Amino acid sequence: MSSPLTRDEVAYVAKLARLRLSDEELTTFTSQLGQVLEHAADMSTLDLAGVVATAHPFGLVNVLRDDVIRPSLDRDVVLAMAPEADDGRFAVPSILGEAP
Amino acid sequence: MRSALAIAADVREGVLSAATTTATALGAIHARNEELNVFLHVDDEAALALAASIDDRIARGEVLGPLAGVPIAIKDNLCQTGVPTTCSSKILDGWRPPYNATVIDRLLAAGAVPVGKTNLDEFAMGSSTENSAFGPTRNPLDPTRVPGGSSGGSAAAVAADMTPLSIGSDTGGSIRQPAALCGIVGMKPTYGLVSRYGLIAFASSLDQIGPFAKTVADAALLLEVLAGHDPMDSTSLREPSPSLLSHVDDGVAGKRIGIVKELYEGADESVIEAVMGAVAVLREAGATIVELSIPELRLGLSAYYLIAPAEASSNLARFDGVRFGLRVDAPDVTAMMEATRTAGFGAEVKRRIMLGTYALSAGYFDAYYGQALKVRTLTIDAFARAYREVDVLIGATTPGVAFEFGTKTKDPMAMYLNDVFTIPTNLAGDPAVSVPFGTGEAGLPIGVQLLGPGRSEAQLFAAARVLEIADGRS
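Residue numbers (the numbering used here), protein chains in the order written: chain D, 41 to 140; chain B, 72 to 545.
Treat the hints with care, as some may be off.
What follows is a set of in silico ranges between Cβ atoms, one per label pair, in the way DEER data are often shown [what the hints assert, rightly or not]:
hint, chain 1, residue 1, chain 2, residue 2, range
1, D, 128, B, 124, 30 to 36 angstroms
2, B, 475, D, 101, 29 to 35 angstroms
3, D, 66, B, 405, 16 to 22 angstroms
4, D, 110, B, 436, 37 to 43 angstroms
5, B, 402, D, 92, 21 to 27 angstroms
6, B, 434, D, 96, 21 to 27 angstroms
7, B, 336, D, 128, 57 to 63 angstroms
8, D, 111, B, 405, 32 to 38 angstroms
9, B, 336, D, 131, 52 to 58 angstroms
These aren't lab readings, by the way, just hints derived from the structure by calculation.
As the structure is a prediction and not an experimental result, all values here were calculated from the model.
Quick reminder that beta carbons are idealized off the backbone N, C-alpha and C, glycines included.
Kindly produce the complete structure, drawing on both the sequences and the hints.
In structure tokens:
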């Protein structure tokens, strides 16, 4: 049985997920993800047209609290755990590169 | 090892010091941790200092909480201020959380002594702890076998008599499955009963924190401490912690218990025998047994392995080298994120992120994720119908006893099938407990699973207690 997804699709999904896969990983994942999706085929044959989707066991509602100032995490303590911080902020490499 | 109940009673009365109980636990940990790889982090000094402060408070006449002086092991996906928290992943290398998970605060308020952080499958994804970046945990009952997972370290800590209690998290069976494989009690509570604040999220609509213990009473005691409303978790139930311990000896007389074909079919012969034996014990104890078939539960595995990865792919997007843990340098930010995630995540985590990203991507959303959410509705409705007929459901926790290392790592589907009996409960948000009952291959323990509707923890513990007594475990 052919895999329900192709190697190119797996490469594309890896890009979306910000993962770099080796050739070997691409091959393995294409086959393994295909197996899981094949197992999920038992669902695709069901007629679920009238069934409501459930994303959460008890349904989510907005929870609000009184608008009063409370202590929050100390900025310096949080930044101390960051790979790089600068002037009270998280620091990252350049975001805007040169135009391609 | 003595029960947490007995230890806390003695510490509160001042006849046993927290310093002694803590030193005993640390001794037991250091005696076997190198062999079993149960704990990723133990801080003797901090634990002994906390124990000393508990003893001081008792000496001053303070009345301490229900876990006074009880050493406890914490799964390493729970944040504890200043204590390394890794999720067994290289991507959180070196990170120390700036805050406590709510359950840690509750444990400290109850007088417990957290002694260390336990090993797990990376980001709680797995059923054997073989997916840990820091090596697998070994089953204390047979070190050639897995302890189960993902909370394998926490289960092993209790099974090896290192600590009388531990905490795990259960997204698709990650408390109940290792409890079964290690021969101890483990419960996944009703969704929302225990605050998830400070639990590093895997699949937020399925994750729930729960207790491990040697006895049903100890598990009930610990869950009472963990449960209760928390404003820091928007999904936390708005109700006080339930009374559990006072009901553990309520028995099952007059209860209706359904034995569910889909929750044991396909399991090893010895596991099916254990379930049937448990059913006979419950009938003898006064329960009415009803045979049920709930075919919708067969679809649970397929739905779960789309829903959980979908949620995980979103939750794990935060690990990008910006705010915590690992960063692999690269000239621009996108390349940095890609290099960090590629180096930091292990194979199973990548597999699930990929699966989830695919299931949520344009063109496939309806066919996979959308369909899975509808199947989730079918599962919830099917359980609800069953609970109109019976009070409790019974089945196996796992298809077999603890397996040997490496036997399922090559084939993800084979590993996933280990959770086939535990997953449906998570989809419904209902509670379930695994209690040891009988033994199988090589004399290894078997777990029987008891399931109930939301907020039925007291009833589940009472039924589990009947089995515990019949199995000769106090």
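So, going through the hints one by one against the coordinates:
1. D:128 x B:124: 30 to 36 angstroms: Given a distance of about 35 angstroms, which is inside 30 to 36 angstroms, the answer is holds.
2. B:475 x D:101: 29 to 35 angstroms: Violated - the Cβ-Cβ distance for residue 475 (chain B) and residue 101 (chain D), about 47 angstroms, lies outside 29 to 35 angstroms.
3. D:66 x B:405: 16 to 22 angstroms: Between residue 66 (chain D) and residue 405 (chain B), where Cβ atoms are some 20 angstroms apart, the hint holds.
4. D:110 x B:436: 37 to 43 angstroms: With Cβ atoms ~38 angstroms apart, the hint holds.
5. B:402 x D:92: 21 to 27 angstroms: Hint violated: Cβ distance 48 angstroms, outside 21 to 27 angstroms.
6. B:434 x D:96: 21 to 27 angstroms: 24 angstroms, holds
7. B:336 x D:128: 57 to 63 angstroms: About 59 angstroms separates the Cβ atoms of residue 336 (chain B) and residue 128 (chain D), which means 57 to 63 angstroms holds.
8. D:111 x B:405: 32 to 38 angstroms: 35 angstroms, holds
9. B:336 x D:131: 52 to 58 angstroms: 56 angstroms, holds
When each numbered hint is compared with the structure, violations occur for hints 2, 5.
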